[in-house]
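Protein chains in written order, with our numbering: chain A, 236 to 657; chain B, 25 to 438.
The hints are simulated quantities; they were obtained by calculation from the structure and are not laboratory data.
Misleading hints may appear alongside valid ones.
For lysine to aspartate or glutamate, the following EDC-like pairs were computed, each having C-alpha atoms within a straight-line distance of at most 20 Å [said to hold, decoys possible]: (1) A:Lys542 with B:Glu427; (2) B:Lys384 with A:Asp557; (3) B:Lys384 with A:Glu603; (4) B:Lys60 with B:Glu304; (5) B:Lys323 with B:Glu334.
Simulated DEER-style distance windows between Cβ atoms [unchecked claim]: (6) A:Pro251 with B:Lys73: 57 to 65 Å; (7) B:Tyr64 with A:Glu353: 38 to 46 Å; (8) B:Lys73 with A:Met236: 42 to 50 Å; (9) A:Gly532 with B:Thr140: 42 to 50 Å; (10) B:Arg172 with A:Gly549: 17 to 25 Å; (11) A:Asp653 with B:Ala333: 52 to 60 Å; (12) B:Glu277 with A:Gly538: 12 to 20 Å; (13) A:Asp653 with B:Lys73: 55 to 63 Å; (14) A:Asn533 with B:Val314: 34 to 42 Å; (15) B:Glu92 with A:Pro270: 54 to 62 Å; (16) A:Glu603 with B:Cys435: 26 to 34 Å.
Glycine included, every Cβ here is placed at the ideal spot set by N, Cα and C.
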Amino acid sequence: MRTIDHFTRPKEYLSPLDEYFGKIVRQWADKEVIPYRRRYDEDWKEHHLIEPAFDKLMGELGLQRVLFPEDLGGWGLGHSHYIGTASYRLFEEVARADSAMAVAFGVVFWPLIMICNEPHVNRRLCEEFAPMFCNTRKAVFAANAMTEPQGGADIENMEIVQGATIETTAVLDGDEWVINGHKLWPTNSGGVCNLFGVVCTTNPGSRDLSDFAFIFVPADTSGVAQGSPYQKAGMAADKNGDIWFEQVRVPKHYRACGPGDDYKYFKEVISFGNLGSISFVSGAMLNVFEILQEFCGNRAYGGRPLKENDAVAGVLADIVKDIDIIRVLGYQYARMIDRPDLYGPRWSDEIVAKGRAYKYFACDRAVEDLGKAMNLLESSGSDRAWDIEKHWRDLKIVQLWMGGKQLCQMETARWYFDCKTL
Amino acid sequence: MSNLDLIPYPKDMVQESDVSLARTLQQWAEAEVLSKRLEYREDYEKLLKPAMRKLFIDVELQKMIWPENCGGIGLNTPEVARTLALSLEQIGRADTGIGYLFSVTFALCSSFAMETNLNEELCDRIAPLFCQTQEIALGSLVLPAFGRGEHSAEGPLFRGKVLPARARRDGDTWVVNGKSLRPLNSGADAQLFGVFCALEKEDEPGLILVPGDAPGLTRGERFLKTGLAASDNADIDLTEVRVPVENLVFRGENPLRQILSWLYLNSGAVTVGSLFATYEIMRDWAEMRVIKGKGSLFKENPLTASLMAEISHEILLSRLLLHQLAQMLSKPELYRQPGEERLYIPALSVVSHITQTAEKAINQTMELMGSAGYATEWNLERYWRDVKTMQVHLGNWELNKMELARYFFQCRNL
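Here chain A stands alone, though its shape is the one from the complex (with noise of 0.2 Å):
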């Protein structure tokens, strides 16, 4: 019988370490996510029970470290040059059980990347958060703070808007920036971040790159408020809420990587959100394949199983077609990544731009493909107990987030067209 496995992947491009994290998650998957994942939603706001099962994977297995160098307690993935396929397969194995901890845990990395990746590693920094992350057994979270309450994530719309429209100040007063504003919707937050990466301005309405400001902030520092977290149609494992900085004081050195490099550089993370979320999308569409398989052997149609009835095979095979080619695609972008000495830098406008297009690739068959498979199992479909409606609802989230499809669709069109004004 063919297993999740049988997928293809470029094996020239796999990163050492791959085999491990493999195992390890997949195991951790097996055994603390998926036999209790169908109780999360009522969990959504307490997290009881998902708790536990983030300490294990990025605690206790030790996985949030994997970003710091070696001699700080990490694994040294940041000045890997595996970086992105590592990242890849283990996102993948995560979001199989459930893609809302596979964001949870990716974005611990999300602010991470901007101090801990060559060529901009900031090793003061580095130094000063990775005792935060390393030294303990408790699952960390980490949060980029971006969206604003008036245009939400289309502060990403970067190369039009170049941050005139951030409302969330940072002035320098002596040796501390004062930060103030609101924010809205990041991963991690409603409560449980540790460590904000927070989107500012130093000057407000400008267009001047070298105004843009990346600036770290302890979520304990005073000023610092975090809501409760949303209700949301799925994605219980996330939590997303409001953030506000009142007056909030941290050292000058708190900025990640100065005037014009903090923007340069910002496009980095967006780069690796969109590699998280095309992987996100295949960890979940590979199991909604193993159910898939489940459901259409064992259920009986005209006396045969339902994969035997060649209208239903049909479908079947549309949608295994896709998950192969999302996993190659996912996968030849991590290789775009790993090896900007062949692709060019992750910041630049091309590989922002061919993360956009494979990610809303990538999120359009897949919520396409879940509502047929949801209705090959007719009303099974929207039952619980099947988790294909739960793989529906989270990847509905993830096509819809970063800014949405038509975001991904203008920074495509603006970087093959050479647009200039969308």
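Fit chain B to the supplied structure of chain A, relying on the hints for placement.
Just chain B, lined up with the frame of chain A:
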């Protein structure tokens, strides 16, 4: 402008009384559901049940189909199709799940309470469940299901699926047995089940009415599902359940098609109502959202406007199709009886098209709204979950398509 006027429908096909009822239901929707849903979300006890009480008992919707001499309102002629289309749009706009419960209940009762196939004895006996009560009364259906296991020995097949229950004749009663039956809705609280059974020593299956309080009927644990929160569903077991012989409402395929035709009309109308709600949510969003910096209103952007146009285009066409189907069901002298393939096939086509179109349109609306699309605060995601849940309950589209192929191409072995 009211959705009754903004989105066109063939007005010459409806009567003033239909429009009047729709306006009443529009007011019910605003007062009992839409104005309260931000506070109560999908809370069954605080929102859905009180709203259903108002609708089913105060507005007397659960009396609609029953003959007047049974205490009903007597809307049991084919012309009721046009009333249903206009009314269920408004109910679906408020809550897809409530609309779905009414849809199934009406479809079940249509099998013996419609003027064209009136069974007075059954009406006399069953109508009080709906007409002489101050409690919400719901009907539900148990239809053929997929078999379990490769070499299924669970019972006779009907159109490729397993008949879920067996019934044997014992004097003046039918004795019904079936394990782990999955009703379309309300397994936990329905007052009346229509169970499609294999009839012992007979060639054709039949629909048997089983009251919810029949000895031997047990209800399983309520189960969690994606949407339709108004439907409190659970599997049921029937163990030596005895009902009068008269509870066998019909034998054969045509009467089942008749029930399904009414269910498809009703579900289509509920879905169109959900699309109205989608449109209203999108309109509110597009009025206040700014993109690409200050001064760029969301709805004025050509890309987003193009998508919004596609969504409204789908709503417009879905409504026209729905009302055309209602017209066909209302005029059996022109379009045949709803149990005949000639009318059943268009009903299946129309509901499939409307629900699939709605899935696409709501998906697109969510895309336009980004994170607000999946936040419960904006309510859109609820219609998305509800419509999809209702759609999958209408059956596997790949297998339903075989019905169309059989009809249009006279396939014999599908």
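Here is how each hint holds up against the structure:
1. A:Lys542 with B:Glu427: Between Lys542 (chain A) and Glu427 (chain B) the Cα gap is close to 19 Å, so the pair holds against 20 Å.
2. B:Lys384 with A:Asp557: Holds. Lys384 (chain B) to Asp557 (chain A) sits at ~19 Å (cutoff 20 Å).
3. B:Lys384 with A:Glu603: holds (9 Å)
4. B:Lys60 with B:Glu304: holds (16 Å)
5. B:Lys323 with B:Glu334: Measuring from Cα to Cα gives roughly 13 Å; hence the hint holds.
6. A:Pro251 with B:Lys73: 57 to 65 Å: At 59 Å between Cβs, range holds.
7. B:Tyr64 with A:Glu353: 38 to 46 Å: Given range 38 to 46 Å: violated, Cβ gap about 52 Å.
8. B:Lys73 with A:Met236: 42 to 50 Å: About 46 Å separates the Cβ atoms of Lys73 (chain B) and Met236 (chain A), which means 42 to 50 Å holds.
9. A:Gly532 with B:Thr140: 42 to 50 Å: For Gly532 (chain A) and Thr140 (chain B) the Cβ distance comes to about 44 Å; the hint holds.
10. B:Arg172 with A:Gly549: 17 to 25 Å: For Gly549 (chain A) against Arg172 (chain B), whose Cβ atoms are near 23 Å apart, the range 17 to 25 Å holds.
11. A:Asp653 with B:Ala333: 52 to 60 Å: violated (27 Å)
12. B:Glu277 with A:Gly538: 12 to 20 Å: holds (19 Å)
13. A:Asp653 with B:Lys73: 55 to 63 Å: Since the Cβ atoms of Asp653 (chain A) and Lys73 (chain B) sit about 58 Å apart, the hinted range of 55 to 63 Å holds.
14. A:Asn533 with B:Val314: 34 to 42 Å: violated (51 Å)
15. B:Glu92 with A:Pro270: 54 to 62 Å: holds (56 Å)
16. A:Glu603 with B:Cys435: 26 to 34 Å: Distance hint for Glu603 (chain A), Cys435 (chain B) holds at roughly 27 Å.
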